[in-house]
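J.: Residues per chain are reported as follows:
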Amino acid sequence: MEINVNESTRRITAESGLSWPAGLSRDRLLEAYRTMCLSRALDVRIWTLNRQGKAAIAASAQGHEAAQVATVMATDPTRDRYLIYYRQLTAMLALGTTPTEMLMQFLARDGEMLSAARQFPLHGSHPRVDLFSFSNVVGTQLPQSVGVALADKMKGRDAVTISFFGDGAASQGDCHEAMNFAGIHNVPVVFLCENNRYAISVPLSQQMPVESIASRASAYGIPGVEVDGTDIVASYEAIKEAVDRARSGDGASLVELRVERLLPHTTDDDHTRYRSAEDIEKMLELDPLPITEAMLRRHGILDDATDAEFKEAARRAVDDATDAAEAMPFPPVQDMYRGVLESDSGVKSNG
Amino acid sequence: MEINVNESTRRITAESGLSWPAGLSRDRLLEAYRTMCLSRALDVRIWTLNRQGKAAIAASAQGHEAAQVATVMATDPTRDRYLIYYRQLTAMLALGTTPTEMLMQFLARDGEMLSAARQFPLHGSHPRVDLFSFSNVVGTQLPQSVGVALADKMKGRDAVTISFFGDGAASQGDCHEAMNFAGIHNVPVVFLCENNRYAISVPLSQQMPVESIASRASAYGIPGVEVDGTDIVASYEAIKEAVDRARSGDGASLVELRVERLLPHTTDDDHTRYRSAEDIEKMLELDPLPITEAMLRRHGILDDATDAEFKEAARRAVDDATDAAEAMPFPPVQDMYRGVLESDSGVKSNG
Amino acid sequence: MAEMTLIEAVRETLREEMRRDSDIFMMGEDIGPRGGVFLASEGFVEEFGEDRIINTPLAESSIIGIALGAAVNGMRPVAEIQFADFVWPAINQLVGEAARVRYGTDGGKTAPMTVRIPYGGGVRGGLYHSQSVEVIFAHTPGLQVVAPATPYDARGLLRSAIRSNDPTVFLEHKKTYRLVRGDAPDEEYTEPIGKADVKRAGTDVSIITYGLMLHHSLQAAESVAQSDGIETEIVDLRTLRPLDAETILESVSRTGRAMIVQEDTGAVSVSSEVSAIIAQDGFFDLDAPVMRVTPPEIPPMPFSPLQEAEFVPSPERIADAIRRLAEV
Amino acid sequence: MAEMTLIEAVRETLREEMRRDSDIFMMGEDIGPRGGVFLASEGFVEEFGEDRIINTPLAESSIIGIALGAAVNGMRPVAEIQFADFVWPAINQLVGEAARVRYGTDGGKTAPMTVRIPYGGGVRGGLYHSQSVEVIFAHTPGLQVVAPATPYDARGLLRSAIRSNDPTVFLEHKKTYRLVRGDAPDEEYTEPIGKADVKRAGTDVSIITYGLMLHHSLQAAESVAQSDGIETEIVDLRTLRPLDAETILESVSRTGRAMIVQEDTGAVSVSSEVSAIIAQDGFFDLDAPVMRVTPPEIPPMPFSPLQEAEFVPSPERIADAIRRLAEV
Ligand SMILES: Cc1ncc(C[n+]2csc(CCOP(=O)(O)OP(=O)(O)O)c2C)c(N)n1
Ligand SMILES: Cc1ncc(C[n+]2csc(CCOP(=O)(O)OP(=O)(O)O)c2C)c(N)n1
Ligand SMILES: [Mg+2]
Ligand SMILES: [Mg+2]
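These protein sequences, in sequence, are chains A, B, C and D. Using this note's numbering, count along the first sequence one by one with no gaps and you end on 351. Using this note's numbering, count along the second sequence one by one with no gaps and you end on 702. Using this note's numbering, count along the third sequence one by one with no gaps and you end on 1030. Using this note's numbering, count along the fourth sequence one by one with no gaps and you end on 1358.
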């Protein structure tokens, strides 16, 4: 299947999955859908925990699930690297993070594995997969991801770096500098933009004078593709192509996944302040869960029993994870003094 | 004459001047050539003053003269605004700055009009024309120029802002952010890139993976054109088109003038360290002075007598300016305490 | 005389100034229909329109660079950096460029611009929504740096900042936005940039502070007054550049004991400068060492609640320090 | 033991480290065939190739951001910022990101990277080729900041910086590059980050300083020793973060008189912190106010020669200050 920026995203429909591209199978698709169901259930729970005053802040992945699960399917967690953004709940689950591990982040519990609860959820580094996010400063991960990939190129390793970002991040100077360097030096990175048309409340029309972010790839001499991010198969195929290109030494690509942000920016936001009723209406039709479910049923991959089983299993897993995470204490105070520098005593100092 | 990025720059030859575009006349072209001769003579003198230990630093305009004089011809100094870079000696002369005023900058003399000799030459603001350059930090002038133009748009003034930069500056994040905002808000600015293929010693191939800077205009929804900057007529026409567009409310443009940097980056540089003999050979063939002279002679605009007169006049003007500037003292010490803030006493303070 | 929160003081003052002077416009992320993430511009785009309330792309360097360009061309931009933690990409345009425009052109161009920056912690912001960023601005000649801690000062100083003809960094502590209420006149009053204010008179110890720490210090002062009869004088700096050395030294000359309380980490900070001023020009008035109460030298500030609470100097910690200093 | 200039010390040490460890590579503007604008990497691309000597586009934020990415993925990048004045666009990646990587991942990732920054004035650099930029780095937990003033220290400390597993800002004063010569062993020695060094022993006054000002202070000390018999002890900080409070306080405890000499403007600076350390922990040793000798509070520094000469604290000005302090 050929996807390019001149072709409108909507022309890539779920039917593109009629013959599975290399690497996709009925089982993998079913597994992907199971992860999406788990992500959605966990996402809903996290929002509830925030409303209960237990989780300080959350950014939801609802609407991005198909795009993220496709991204993980198109990569190799045993050797690839992931610089995530902050909305990658589904990707993290697909990469083997447990619901309890995720909830420990949102509840800032002792033993939280990414940052010892020093950082917001989804920030820090993962103990099992080479996944990390150093900061909340939008755009900084883009040059960093180029450096990560440059190191692999220098060392002759066949790892590919996935650099997650959003449409808002594309406006940062760092985005330009990162893609320009990647283009010059042919580094094995995939710039993966989950374009949900909003940077908090700022719509695309106020973010850029062009229709697509992928169209900017030509300014950096790299391929750019725009894909319907609610279409798990089309997304997989586009990302796989970019990952294969990077792995085979042909350098960077820009993949733009068009998705919808189904909830407000974060639990602190209220999108009715800036989104019209129609806009919200329209967006709800692009929920990747029913879209994926329908596609799988059309192809006879999913039946009622399995669907119900997935959803029930997800509910149970989320309940158990909530109990497990809530049972944990907050990190002890003295741990905050640990490890500013390697040479640190780790004891309290005032300068 | 249509110029676009798909067309190779070299296809726009001096012959494009056979029928003068609107706004150009034999007299204006002759005047432009006179300014180029003056600029070249002054430029040579400044280099000499550096070698004599009298001028601390200089960046030469040699090779950029036709492009710069064309830029001034295409604008209206009585209402337009110029955020210059640091290589715009010719543009400043064309805008009415005297050779003595220029030499006062290089010799840091008392009464230097741009910055009171607090800054490098060509930095500060001009007392007669709305021309300024706040800093040596490459790229910062690009967002600033967008803000300047935005103010004019807000106030409904018909001024156009000319934003000078080089190929090196195009790599800065600020360049991306500035052009993106200009594209979104349709501000009356012309991004004018004098592309001389080098950022000090870094060749284009190590600066960007694409052939032209103008080709990036599409990423910002603005027109981009690439022109032979040694062709004064083609340059004038391309810039005029962009200026007219901005003035008529149609927003920003990017004009890339392909020129050669005939001397090392600055008086501190030695380009034989990084430029091949052939490269230097080849570049010397693109000296805009003989090219412009030949073009004017071909069209019967310039004869031996006038040419000799221009060059003799330039020599005299530069000699007189040197005497005048060297006769001036350095700024007195106490002036350095003046005007950090409006509320300042202007007397020495340590905090 | 109306009672209002600090965020209300900021919003009302912005609104009044926007109505007064059509050269004023605002730029920032989400300041349009969203009204800003802290609602400082709630309802503004409806009243002033999209030309004067510009929802910018997510690009801080251009927010400041474009504001600077507009400022030197006759406008009075008020730029909002959404969180202080995100001002770093814009430091070059602010510290490198705006601060030097007047000096570097010998007054040929000036930059009458205000940059509003919500800063500070204690709001579960973690490492990137809690930072204090005043050091680099307070160090830079050509900038004015204001950090009000009360609605009254916020109103008077924001007016002065917007009307000033020099670039002014206006620091708003996020935790004080809704926590701190106070009376602020409806009149068009201004407070002078560069003047500290004695928020509590005392005879035994001088505390020099600003921002949220003013309120923690006031609580501490009350408790030690009751428990130990120690009378603490509290100097609210309000402006971090230029510092009001006169008011600081005057207070120390009467108490003989100086303590600086600050939320930002201590090394090479505003607290260092205040201490250095006293150690050089108030030395002979001192009866005791110049004490500093600051957080530990770790990146501000942990997300987990117990650690965050420990990081920020608490009224209790300040009260203990007052007692120790009074005994020296 | 070879005599060399400071720039030679930097170049030879870089070369030796590059030869020793293939994980080290360099990135920066013009560091390729040009050899860097100060020739710190002259001949390097010829020896190490374009993969390890990367001529970058003109984009400082990406230079640091990419170096950081490579550092967390097993490399030891040495990034060059061509002039300190141009580090501002990269502050976000350095202060906002690199400094917090170890802490923000609880040690899960580390950033063994060195950022070389030629800084300082007295070279006719004007407002944008003369700046001192240490303040923001010296304030930031998670960074190490080194500022050697002699070839010996440059060699020993650059080795330590490159071999350190934390991000280190390595400040090289441009004027010392060719002005300062000194002996430096050929051996692979290191000097510890975080330790100051007493460069001159004295009994009457302690000067705490660094960079070019070390040399101006040494000249001043000699002249007052001869003219007035005043013996000045000179502490070269060498590392600006973490500061070596112990050595500072030990010196002041013996002389009772402290003076900080600095090329950067004084307000909220390293000199403020040194003074504050003494005023808090060395107070009872002091016989006189803690004096600071710094430039005026104007943007560093004017291009015109007389004004530039006036801006930088001269040996004469320092000598006068020593005399005044000794008399208090
Ligand atoms: C440099 C910076 N500026 C502002 C913010 C505040 N902020 C957090 S997320 C966000 C919007 C990001 O939009 P986008 O990149 O499209 O990602 P999305 O949230 O839509 O997935 C903003 C403005 C930030 N975190 N960093
Ligand atoms: C931010 C920044 N980085 C580095 C420098 C040092 N520098 C001065 S000019 C220059 C090259 C600029 O190249 P270009 O934009 O092509 O202009 P040209 O000199 O070729 O006309 C560099 C790297 C600077 N002034 N500012
Ligand atoms: Mg978005
Ligand atoms: Mg160039």
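Possibly wrong hints are sitting among the right ones.
[Said to hold, decoys possible] Cβ pair distances, simulated, as ranges:
(1) C:R1025 / D:G1259: 54 to 60 Å
(2) A:D250 / B:E636: 35 to 41 Å
(3) A:R157 / B:G374: 55 to 61 Å
(4) C:R883 / A:V333: 56 to 62 Å
(5) B:D427 / C:G745: 38 to 44 Å
[What the hints assert, rightly or not] Result set (SDA-like, lysine to any residue): computed pairs, CA atoms no more than 25 Å apart in a straight line:
(6) B:K506 / C:F985
(7) D:K1139 / A:T272
(8) A:K282 / A:H185
(9) A:K240 / A:K282
(10) B:K662 / B:T429
(11) C:K811 / B:T429
No wet-lab data here; the hints were simulated from the structure. Every residue gets a Cβ at the ideal spot worked out from N, C-alpha and C, and that includes glycine.
J.: Could you run down the list of hints and mark each one as holding or not?
T.: Now for the hints, and whether the structure bears them out:
| no. | hint | verdict |
| --- | --- | --- |
| 1 | C:R1025 / D:G1259: 54 to 60 Å | 46 Å, violated |
| 2 | A:D250 / B:E636: 35 to 41 Å | 37 Å, holds |
| 3 | A:R157 / B:G374: 55 to 61 Å | 59 Å, holds |
| 4 | C:R883 / A:V333: 56 to 62 Å | 31 Å, violated |
| 5 | B:D427 / C:G745: 38 to 44 Å | 41 Å, holds |
| 6 | B:K506 / C:F985 | 54 Å, violated |
| 7 | D:K1139 / A:T272 | 40 Å, violated |
| 8 | A:K282 / A:H185 | 41 Å, violated |
| 9 | A:K240 / A:K282 | 29 Å, violated |
| 10 | B:K662 / B:T429 | 28 Å, violated |
| 11 | C:K811 / B:T429 | 18 Å, holds |
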